[in-house]
Amino acid sequence: MHMADALLSPAVGGTMWAVSAGAIAYCSAKVRSEPDERKVPLMGVLGAFLFAAQMINFTIPATGSSGHLGGGLLLAILLGPHAAFLTIASVLVVQALFFGDGGLLALGCNIFNMGFVTAFIVYPFIYKRILGANPSQGRMSLAIMLSAVAGLQLGPFCVVLQTYFSGISELPFSTFLLLMQPIHLAIGIVEGFVTVAVVSFVHRARPEILEGALRVRPIGNHPLRGVLISFLVAALLTGGILSRFASENPDGLEWAIAGVTGKEELSGPSRGIYGTLAAFQEKTAFLPDYAFRKTPAAAVRQEENDAGASDVRLGTSVAGVVGSLLTLGIACLVPFLLRKRHRVT
Amino acid sequence: MSHHIVEVKDLRHVYPDGTEALRGVSFRITHGESVAIIGANGAGKSTLLLHLNGCLVPTEGAVRVGDFPVTRSTLPEIRRAVGMVFQDPDDQLFLPTVREDVAFGPLNLGLPPDEVERRVEDALERVGAAHLVDRPPYHLSGGEKRRVAIATVLSMEPSILVLDEPTSGLDPHARRRLMGLLGEFHHTKIFTSHDLDMVLDLCERTIVLHEGMVKADGPTRDIFLDDRLLADCRLERPLSMQGCPICGTKK
Amino acid sequence: MATIDGTSLDFRLLDRLSEGHSAIHRLDPRAKVLATLFFLVSVVSFGKYEVSALFPFFLYPAALIALADLPALFLVRKTALVLPFAAVIGIFNPLLDSRILLHVGPLAISGGWISCASIIVRAALTVSAAFILVSVTGFPSICAALERLGMPRTFAVQLLFLYRYIFVLIEEGKRMSLARELRTFGGRGPGMKHFGSLVGHLLLRTWERAERIHRAMLARGFTGEFHPRRPCRFGAWETLYLLGWSALFLLFRLENIPRILGTLVAGVLE
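Protein chains in written order, with this note's numbering: chain A, 1 to 345; chain B, 1 to 251; chain C, 1 to 270.
It is worth saying that the hints were derived from the structure and are not from the lab. Among the hints, erroneous ones may be present.
[As the list claims (entries may be wrong)] DEER-style ranges, computed between Cβ atoms:
#1 B/Phe185 <-> C/Glu171: 28 to 34 Å
#2 B/Asp114 <-> A/Ile183: 56 to 62 Å
#3 C/Leu178 <-> A/Ile130: 35 to 41 Å
#4 B/Asp114 <-> A/Leu333: 47 to 53 Å
#5 B/Glu125 <-> C/Leu243: 19 to 25 Å
#6 C/Glu171 <-> B/Asp134: 20 to 26 Å
#7 B/Ser141 <-> C/Pro71: 23 to 29 Å
#8 B/Glu157 <-> A/Phe157: 43 to 49 Å
#9 C/Arg26 <-> B/Glu60: 56 to 62 Å
#10 C/Arg26 <-> A/Ile189: 47 to 53 Å
[Stated by the list, open to error] The following residues of chain C were derived to be distant from chain A, with all beta-carbon distances above 12 Å:
#11 Thr137
#12 Leu182
#13 Arg212
Ideal Cβ placement from N, Cα and C applies to all residues, glycine included.
Construct the entire structure; sequences and hints are all you get.
This is the structure we're talking about:
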């Protein structure tokens, strides 16, 4: 499943963006340094293939429902981790832009959950490990099955983590986890079967394609592990720094604003701007009870005791609602006004 | 200048899976000739074409273009001299706009920007596609795609044009228009095609390939009059040389 | 993704919008990409109980739809189709968070409903922003802009190739699955076994296509290096566009416009 902008906090989104952008830069350099420039069109066309393949549905036996190929693992098997990662990432970019799957800020999350997890965790540490040095057909099928399941457990697990740390959804961590993991176990098994079917077809029809892919440098060796670890450390660091700012001000995450006003980089804001912004935020908060959020019980008590204040609050609420409707009305009207002028000129 | 000569000598090609696609092909095409290579499916036409600009390396034998033998070290010169238009324009046009695609070759030649611009305009003008310059290739019609694909090669100003099935999949009007266009080029031209009427119109010379060998090589009209040869090679006379089905007259 | 036909048609429609000739279309893509980024960050940075303060942001899609002459209904429909995915997660909020945060007349509204509404409004804003960016910029220009902003060339080339062949391969996939469907009579999708060979075939054809493309590239002197050739100029208009929107987003983020408006109206009425 795609992580969505609407469930995302800037801290989590920014962290995952940083990690995914880093991985894209690293893999681009890697692919560029490979002598085989045939990969350039191959990766592109295989990305397009993934698109087309995802649109072809199949019937899942015994359930009557239909599913489609995810395909990340398939790409990793065919292209190796670096090229596969770039290809998956590119597919996600197009999905975000043209289909609204996830959204642009969540793109970092999605590239990580589907691309990074598949290419740099599942592929080297599960698929390659099980496959061993001289793979047989059976061994390969087993490796694919387990990798597909693992990938579709880890990916959604990341979605749960990202949602949880963003704090926009109220779903408790464990409930969400219980909701996501079993469904994706089923999806993972189906993905495994389908991938095995496609890979064994290719194996029969053009064995040299897979053999070529198998010969691609030994993977899961030290350089790759080093890369993985450094990425994880970087993620934890950025995440830690960003979430510190987030937890200091759980409502606003004003640091993002500071980024807009001050620097282009998403660096931490200075205390001064932060303070001013927080003051602004307090002054202008729409919901009258907003400030009570941290102590709801006290808020309710105060509310009961002070009928006069309650009236005032009612007034502001109505004002807020009226204002909202007005704003929406204006936003809807603007196109007509602008378009008219536009046409006349 | 001998730059426009294509010479193929005892060319043999065996694919890695053991298929012997070419079994000793020899011919010589001189400056300004327009030659068709015809033959049944699987006769080796496409394999032969891919040797002409070094996409495939001969298992045995040699290919010479102008003063250069086709080898790894001469590939840049060869590819500058031989402009190859592939059968499926979707394979040839891979950039976001027609302009970028036509400029792709000249930029790879390292030409300066204004020269590239001139060549792009020039090439598109020649194929009658100047108005398509900013369009994305996938929104073009079949005929437009084909003409743009030819422009992508013309922009490199090659001396020899090689076209694989140039009229396949075109409607009659687009086909006629393309044939007119090809007739205007004064390059050395080498075609493969199953469109024998086009061959009759455009090529004075025809080479017939059969099972990886040259079965016949001569003036197009003579070859199309040899019914025995045509039947042996799973070909037939072009429609325009067959009897008229309505009045029954034979040509 | 409902049907292949519908999806590819939608894709094409959205793609063709970028061929427009409005002043917005003509701007340097970098300005549009950065403005979208500021928009998204501003929207997402609100607290989870914020609903009304998000409303002014609708001005951005609305204004661009008008200025760039985009088909509003098409974009609204496309956005609406995506909303359920966010709503599925959002709908848990009312169940889990029942603290009353707001009274509107006799109605008591819990925090859960507010945050759920907030999620849906965010989704509408962020998703429509993405669609609008594509419609006024076009995918290749977005790639060019991202490359100029530091995205590696290899990835830019990858995106362009992917984009170029999506249309071709969707057509191929469509033809193949149609050919299968016409012979099944039940109209159901293929079982896994047939799916494997169907998709396997598509994969092999794709692979062969890649080989042909590579040959066509070599035939035109490709040596592994792409030469970008998209002149762009970040001029006064672009600066104005970017600064204008950023300032507006900042204002929307800092001042609750609907509340100010509401208070004003209330003041006038009294």
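Item to check | Hints violated by the structure (listed by number, smallest first) | outcome: 5, 8, 11, 13
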